[in-house]
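Heads up: the sequence lines are chains W and Y, in that order.
So in numbering that gives the first Met the number 0, the last spot in the first sequence is 324, and the numbers never skip.
So in numbering that gives the first Met the number 0, the last spot in the second sequence is 324, and the numbers never skip.
Hints in this document: simulated from the structure, not taken from any laboratory.
Just so you know, these numbers come straight off a predicted model, no measurement behind them.
Heads up, a few of these hints could be off.
[What the hints assert, rightly or not] Partner residues are not named here, just some residues of chain Y that face chain W (Cβ under 7 Å, in silico):
#: 1; residue: 198
#: 2; residue: 219
#: 3; residue: 239
#: 4; residue: 242
#: 5; residue: 258
#: 6; residue: 265
Just so you know, even glycine gets a beta-carbon here, dropped at the ideal spot from N, CA and C.
Number of protein chains: 2
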Amino acid sequence: MNVKLFVSILFVALGSLHAQDPLPSWNDTAPKKAIVTFVENVTKEGSPDFVPPNERIATFDNDGTLWAEQPMYFQFLFAMDRIKALAPQHPEWKTKEPFKSVVAGDMKGLLATGEKGFLQIIARTHAGMTTAGFEQIVRDWFKTARHPRFNRPYNQLVYQPMLELLAYLRANGFKTFVVSGGGAEFMRVFASDAYGIPPDQIVGSMGKLKYEIKNGKPVLIKLPEVLFIDDKQGKPEGIQNFIGQRPIFAFGNSVGDQQMLEWTAAGGGARFMGLVHHTDAEREWAYGAESKIGTFSDALMAEAKKNGWTVVSMRDDWKTIFPPP
Amino acid sequence: MNVKLFVSILFVALGSLHAQDPLPSWNDTAPKKAIVTFVENVTKEGSPDFVPPNERIATFDNDGTLWAEQPMYFQFLFAMDRIKALAPQHPEWKTKEPFKSVVAGDMKGLLATGEKGFLQIIARTHAGMTTAGFEQIVRDWFKTARHPRFNRPYNQLVYQPMLELLAYLRANGFKTFVVSGGGAEFMRVFASDAYGIPPDQIVGSMGKLKYEIKNGKPVLIKLPEVLFIDDKQGKPEGIQNFIGQRPIFAFGNSVGDQQMLEWTAAGGGARFMGLVHHTDAEREWAYGAESKIGTFSDALMAEAKKNGWTVVSMRDDWKTIFPPP
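Using the sequences and the hints given, assemble the complete structure.
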């Protein structure tokens with residue numbers, strides 16, 4: 000065999016090996032092995048762990064699990080940008096908290112307004128318009144806003160290894176869902192395209208809506224009232240009400256996901272529970288127990304270790320973090 | 000050609016004609032033609048009415064649209080049976096309305112307790128247990144309860160023509176949903192099997208849930224508080240919050256579906272709005288404007304006619320009502 004032919008064959012062989020790896024952005028460490036083993040076990044007919052396709056439900060937290068969440072949840076950055084955009088029509092905000100601090104870019108002042116200030120900002124930016132109007136505002140924001148550190152549109156700060164995982168699960172007959180504390184209507188604007196998950200498989204927090212006929216046409220008005228908060232114990236509650244089946248696979252990254260993982264774990268048969276641990280200050284961020292955003296408490300880490308949940312270290316387990324620009 | 004061969008060929012030809020008819024239980028009247036024309040138009044690439052598969056959302060009311068609803072919504076008959084089953088443990092119910100009337104089978108007395116009595120019965124039978132416990136109770140009821148007129152399990156009183164319609168839409172790339180005033184958790188027990196619609200595509204009314212750890216295991220407790228009523232204006236509101244996309248195809252049978260049909264109709268592009276009209280006292284029931292159950296008001300009929308919505312007359316348009324026993 001001449002060298003040229005040998006090299007060609009080698010490249011074809013390597014190419015086909017690469018094509019067969021469903022998770023190329025994952026290092027060959029324990030988490031990848033655990034995922035692949037689980038998927039092979041539940042999909043192999045005759046295996047004691049076999050799960051029929053209609054029960055292959057996989058749920059994913061969004062912020063910090065499927066996309067980044069620093070320096071602040073992106074949806075809240077959207078809300079602050081929106082307050083700034085509306086400020087010229089509201090001269091009274093110059094002296095009125097929490098709007099004053101947002102417009103002045105005074106994060107310390109904003110934090111001092113606490114949960115009350117936070118809720119006022121969400122209500123002012125997420126209610127009082129039609130659902131179609133809100134969708135357009137969010138769509139426009141994704142087109143123009145850039146992340147302060149990475150200078151990329153926010154919807155490009157999704158995790159490449161998780162995109163591969165979603166696709167791998169779907170290729171194996173799983174139905175993939177987002178189950179997030181974020182707003183369902185906010186997420187649906189980008190998440191269907193970004194994750195390949197249709198709008199009806201995106202479960203999130205939501206406000207009450209009001210059906211009205213306006214100028215002879217029906218509209219849905221977003222009211223400043225909470226219908227449902229899809230966080231912490233709200234996650235299993237939301238899973239039951241919206242999905243109606245217990246997941247066999249769940250992935251999160253913080254204390255907000257603890258109950259979803261417990262609920263998943265408590266079902267019969269084979270189960271996979273995963274947590275993303277943000278350990279990569281260089282390529283992303285390193286944070287955990289002390290962070291206000293995406294808190295990964297020591298208690299959660301202890302629970303994960305005790306129960307054999309898979310903890311993914313971004314630094315050690317992921318080859319790539321974000322998709323190429 | 001001999002006669003035997005001719006007859007064989009004729010039978011094969013008829014067989015294949017039959018196999019090609021996706022709606023064999025529908026008469027060849029206007030509704031069937033309207034459905035087939037619509038589906039062909041939205042699925043034909045290059046057609047001005049073409050709709051990509053991910054936007055082919057079809058929503059169906061349940062009571063009176065996919066299954067029967069007389070002499071009373073089946074879920075309420077379940078609740079009354081459940082009160083009777085619990086009565087021996089509640090001697091105080093002998094003198095306490097609305098339970099007294101239910102146990103005595105006194106419909107007049109029950110009706111006199113009004114909405115308050117109705118809500119008490121629902122709260123007593125649909126809350127105070129785990130979601131798993133409730134599912135088991137409903138499952139057992141379906142096994143044992145029989146419809147008073149047809150003497151069949153309630154889950155066999157689904158409409159054969161609608162089963163064919165659901166399958167026809169799915170074969171053409173539609174995602175089919177139930178959007179019903181009935182309880183989501185009640186419906187999911189039978190509707191996934193009966194309609195081929197997975198639990199997460201069943202939108203209904205729902206109560207609040209509470210996540211708890213009981214004896215070291217997580218459970219979801221059904222609380223006697225309403226989270227969401229999926230009826231009338233609640234239908235478009237529920238469609239937006241749970242499905243996140245406007246349907247292009249919607250079917251109902253009563254004033255509870257009016258807003259869902261209006262919301263569907265108000266989207267751009269080709270749309271199909273359908274209403275089942277119960278006109279068959281012999282094979283099912285004949286009722287409409289005067290009925291308290293499944294009211295089909297004259298105003299709704301006028302709206303349907305004015306806007307070209309398809310009204311299906313059970314007597315004239317359906318060959319079969321229920322599947323063979």
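Checked hints:
no.: 1; hint: 198; result: holds (3 Å)
no.: 2; hint: 219; result: holds (5 Å)
no.: 3; hint: 239; result: holds (5 Å)
no.: 4; hint: 242; result: holds (4 Å)
no.: 5; hint: 258; result: holds (6 Å)
no.: 6; hint: 265; result: holds (5 Å)
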